[in-house]
Amino acid sequence: MRLRIAFLFITALTLGAQTPSPDAWKTSETLNGVDLAGLTPVQKKAVLKILREEDCSCQCGMKTAECVMKDSNCSYSRALAKIAIQGVKDGKSLIEISKLMDASPKAHRPKLLEAPIAIAVDGAPVKGPADARITLIEFSDFECPFCSSAEKQVDIVMAAYPKDVKLIYKQFPLSMHPHAEMAAEASLAAREQGKFWEMYDVLFKNFRTLSRNSILAMAKEIGLDVDKFKADLDSGKFKAVVDKDLADGEAAGVYGTPAFYINGKQYNGEVTLAALKPILAAELKGDKVEKVAAQ
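For the sequence shown, the working numbering gives the first residue as 954, with consecutive numbering after it.
The hints are simulated quantities; they were obtained by calculation from the structure and are not laboratory data. Treat the hints with care, as some may be off.
Below, a list of computed lysine-lysine pairs in the DSS-like style, where the Cα atoms sit at most 27 angstroms apart [said to hold, decoys possible]:
id	residue 1	residue 2
1	Lys-1059	Lys-998
2	Lys-1119	Lys-1064
3	Lys-997	Lys-1064
4	Lys-1116	Lys-1080
5	Lys-979	Lys-1016
Keep in mind the model is a prediction, meaning the values are calculated, not measured.
Turn these sequences into a full structure, and let the hints steer you where they fit.
Now the structure itself:
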């Protein structure tokens, strides 16, 4: 059974709705994706209090409630919220609940780089020199706002390491994004005409407005034979490729997007040139990276 998590947190960027107040987590009586049903008003107040006061352990610098509201990919904040809810239901004091949250495995920060694993990449789109010493594998979703932001940073990293880094793209459309799978197949249809990366760029640029019509317009914009593109897209022949990438991602431990692997090692840090520089330098030297992520 697939582990494709349909995150309940729907960002304003995804729906094109009005952006909520950045401080909504301080006053909201609900938290996106957190089930407060069954709590009495007093219990609910206690849960919200502790989640607004306890730091999230994902290294984001936010309180747990804030991270729940702002980061749909964070499994740490949701795991800590469940501990708080159960603690309140069990009648524990806020201090006891705080200790339980601190003792949780989700309170222990992940390594910056996990142990290397094998990831199937045969036939996947590649950008960068074939003999690059660093392979960056990206599992991503063309309708994901976080992926769109990361794509800009990846371009900066690639430009800074033109001879040393190559990028391999793996499809991981989340079921919460209604147009993501179509966009994934569209990128592969564009690849049939040698323009995967051009379609990659315009899909991420227009992630807020994806639809069949907008994707066909993008195909024309990047100079594709639109009739062939439409026929390839409608053929269904790329679904198996997308499904295979999803299965590869789930086997590698991907639960949200974007997910990055550096020479087969899952990277748990910030996707910026500044954050990646010491990691890439260590990889180029063949050094081990044992540090815990600081950001």
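Quick rundown of the hints versus the structure:
Pair hint Lys-1059 plus Lys-998 holds up; C-alpha atoms about 23 angstroms apart against a cutoff of 27 angstroms. The hinted pair formed by Lys-1119 and Lys-1064 meets the criterion: a straight-line CA distance of about 23 angstroms does not exceed 27 angstroms. Between Lys-997 and Lys-1064 the alpha-carbon distance is near 33 angstroms, which puts this suggested pair outside the 27 angstroms criterion. Restraint check: the Cα-Cα separation between Lys-1116 and Lys-1080 comes to about 11 angstroms, which is no more than 27 angstroms; the hinted pair holds.
Proximity of Lys-979 to Lys-1016 is assessed by CA-CA distance (about 10 angstroms); at most 27 angstroms being required, the pair is judged to hold.
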